[in-house]
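> Chain residues, written in single-letter form:
Number of protein chains: 2
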Amino acid sequence: MLKYQLIANQIESHIYENNLPKGTKLPTVEQFASDYSVSKSTIVKALESLVLKGIVYQVQGSGIFVRKKNRNGYINFNSPHGFTDNLKDNKITSKVLDLQLIKANDEICDYLECSKEDDVYIVKRVRYIDDKIMCYEESYYKQSIITFLNNQIVEGSIFEYIEKAFNIKTSFQDRYFYVISLDKEISKLLGLNVNDPALVAYNQCYSPSGILFNYSKIIYNYKNTKFYDQSSTIK
Amino acid sequence: MLKYQLIANQIESHIYENNLPKGTKLPTVEQFASDYSVSKSTIVKALESLVLKGIVYQVQGSGIFVRKKNRNGYINFNSPHGFTDNLKDNKITSKVLDLQLIKANDEICDYLECSKEDDVYIVKRVRYIDDKIMCYEESYYKQSIITFLNNQIVEGSIFEYIEKAFNIKTSFQDRYFYVISLDKEISKLLGLNVNDPALVAYNQCYSPSGILFNYSKIIYNYKNTKFYDQSSTIK
Chain A
1 MLKYQLIANQ
11 IESHIYENNL
21 PKGTKLPTVE
31 QFASDYSVSK
41 STIVKALESL
51 VLKGIVYQVQ
61 GSGIFVRKKN
71 RNGYINFNSP
81 HGFTDNLKDN
91 KITSKVLDLQ
101 LIKANDEICD
111 YLECSKEDDV
121 YIVKRVRYID
131 DKIMCYEESY
141 YKQSIITFLN
151 NQIVEGSIFE
161 YIEKAFNIKT
171 SFQDRYFYVI
181 SLDKEISKLL
191 GLNVNDPALV
201 AYNQCYSPSG
211 ILFNYSKIIY
221 NYKNTKFYDQ
231 SSTIK
Chain B
236 MLKYQLIANQ
246 IESHIYENNL
256 PKGTKLPTVE
266 QFASDYSVSK
276 STIVKALESL
286 VLKGIVYQVQ
296 GSGIFVRKKN
306 RNGYINFNSP
316 HGFTDNLKDN
326 KITSKVLDLQ
336 LIKANDEICD
346 YLECSKEDDV
356 YIVKRVRYID
366 DKIMCYEESY
376 YKQSIITFLN
386 NQIVEGSIFE
396 YIEKAFNIKT
406 SFQDRYFYVI
416 SLDKEISKLL
426 GLNVNDPALV
436 AYNQCYSPSG
446 ILFNYSKIIY
456 NYKNTKFYDQ
466 SSTIK
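These protein sequences, in sequence, are chains A and B. 1 is the number of the first residue of the first sequence in my numbering; add one for each residue after it. 236 is the number of the first residue of the second sequence in my numbering; add one for each residue after it.
Please note that the accuracy of each hint is not assured.
Take a look, some chain A residues computed to stay more than 10 Å from chain B by CB distance [to be verified]:
no. : residue
1   : Gln31
2   : Leu52
3   : Leu97
4   : Lys164
5   : Arg175
Using 25 Å as the maximum straight-line C-alpha spacing, the simulated SDA-like pairs for lysine to any residue come out as follows [what the hints assert, rightly or not]:
no. : chain 1 : residue 1 : chain 2 : residue 2
6   : B       : Lys275    : A       : Ser39
7   : A       : Lys3      : B       : Gln293
8   : A       : Lys25     : B       : Asp341
9   : A       : Lys226    : B       : Lys275
10  : B       : Lys461    : B       : Glu348
11  : A       : Lys169    : B       : Asn305
12  : A       : Lys53     : B       : Glu247
13  : A       : Lys226    : B       : Lys303
14  : A       : Lys53     : B       : Lys458
15  : A       : Lys53     : B       : Gly296
16  : B       : Lys458    : A       : Tyr178
17  : B       : Lys303    : A       : Lys3
Derived coverage of chain A by chain B (criterion: at least 3 residues anywhere in the stretch with Cβ under 8 Å from a Cβ of chain B; other residues may be distant) [what the hints assert, rightly or not]:
no. : stretch
18  : 10–20
19  : 54–67
20  : 146–159
21  : 216–230
Just so you know, the hints here were simulated from the structure itself, not pulled from any lab data. Cβ atoms here follow ideal geometry from the backbone N, Cα and C, with glycine treated the same way.
Between the sequences and the hints, there should be enough to build the whole structure, so can you do that?
Below, the structure written as structure tokens:
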């Protein structure tokens with residue numbers, strides 16, 4: 001982890017542990033730089049990353065302020081590091097339905113930008129949040145990049161494993177989503193009824209060097225999931 | 236508009252007008268600075284804003300590259316400036332159902348962070364994308380900040396008006412969303428059937444100085460809306 005990320009994490013922890021209310025003014029860049037014994041540019045980078053994450057906001061010529069905490073029970077829709085990292089306060093578990101190494105079909109080629117010759121790991125899981133069904137997930141990994149997966153690995157956080165084993169962290173994502181009525185098969189997996197509503201999301205994950213190594217199709221249980229998206233949208 | 240924003244817009248237009256494919260390497264900061272006759276720090280800010288918007292990505296020590304264009308027909312879920320700005324290639328129209336100045340109720344107090352004494356404009360509209368029903372929208376504005384609205388204004392882009400009249404641009408948003416089955420009243424407004432699925436989103440809009448001036452509750456027509464979210468998620 002880079003120095004500015006370490007400091008960003010410490011500032012974020014400080015905000016949450018002290019329960020700083022929305023609108024609280026943070027110390028100046030100069031003050032932070034002196035407190036942490038680092039350069040001002042490191043502090044600027046740390047604060048920018050917290051703006052990007054929606055933790056603080058910056059008022060030109062006035063300072064850096066704490067943003068609102070999320071409403072309880074809402075899932076961060078924008079988390080780039082998988083649920084396990086995102087939902088630290090919740091118990092996240094998985095039931096693995098299938099793990100196979102297959103050749104890509106048309107949909108896989110489209111979303112993983114690969115060819116039909118390519119080997120692809122497919123992982124099908126039902127995921128639980130605090131023992132309630134959160135979603136059904138089909139995840140696809142290019143085997144040329146994610147060279148090895150097994151059942152024990154995919155029972156836990158695949159993203160944690162990928163970071164440890166291959167030193168790949170998701171750097172950015174493209175997400176596509178829409179709403180459907182559930183069919184029989186998926187409604188059963190989600191413990192819901194046919195024609196119940198559901199959010200379907202396709203997430204494409206890119207490495208820091210811009211390589212697309214994974215996409216997931218996730219169908220959420222509408223009774224057990226609500227989402228927030230608190231990222232900054234400053235143009 | 237600040238100089239770096241102007242340059243960011245020009246670089247973005249350049250990418251789209253020339254249809255630069257994903258992965259195209261952009262000129263260096265030095266080259267851009269020389270081309271636009273501005274300082275390197277202005278170029279760095281312009282490029283950072285394009286990273287934030289999901290237009291380009293940065294590979295440490297290697298350069299800036301073009302990100303993928305959105306799939307056709309997907310709406311940018313993260314646009315901070317209302318649909319009219321976001322969907323430039325589509326025809327966006329509105330049918331105003333109601334415009335009133337009211338006292339806040341419990342839900343309004345909660346989402347607008349105001350008291351029951353406060354006067355609030357409520358605007359109810361059905362919004363159309365290329366003449367198809369996109370969503371039903373209830374929008375709430377603090378009258379202490381957005382001092383005046385009328386029917387003619389709310390038939391167009393309210394955000395454009397707010398920027399012109401009050402010089403307030405949405406700086407960041409908190410969004411909360413989940414999926415429901417439609418009731419009779421809303422399904423009728425959306426031209427759908429009772430129990431059809433729908434995405435419901437609450438957006439809270441903040442000014443650059445961190446003041447919450449508006450929230451909207453938006454219920455989307457699932458047949459006519461698909462969404463993407465291409466913002467950067469670098470921690």
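> State for each hint whether it applies.
A quick look at each hint next to the structure:
no. : hint                : result
1   : Gln31               : 20 Å, holds
2   : Leu52               : 7 Å, violated
3   : Leu97               : 23 Å, holds
4   : Lys164              : 17 Å, holds
5   : Arg175              : 4 Å, violated
6   : B/Lys275 x A/Ser39  : 20 Å, holds
7   : A/Lys3 x B/Gln293   : 19 Å, holds
8   : A/Lys25 x B/Asp341  : 28 Å, violated
9   : A/Lys226 x B/Lys275 : 42 Å, violated
10  : B/Lys461 x B/Glu348 : 30 Å, violated
11  : A/Lys169 x B/Asn305 : 23 Å, holds
12  : A/Lys53 x B/Glu247  : 23 Å, holds
13  : A/Lys226 x B/Lys303 : 28 Å, violated
14  : A/Lys53 x B/Lys458  : 31 Å, violated
15  : A/Lys53 x B/Gly296  : 23 Å, holds
16  : B/Lys458 x A/Tyr178 : 9 Å, holds
17  : B/Lys303 x A/Lys3   : 30 Å, violated
18  : 10–20               : violated (count 0)
19  : 54–67               : holds (count 7)
20  : 146–159             : violated (count 0)
21  : 216–230             : holds (count 8)
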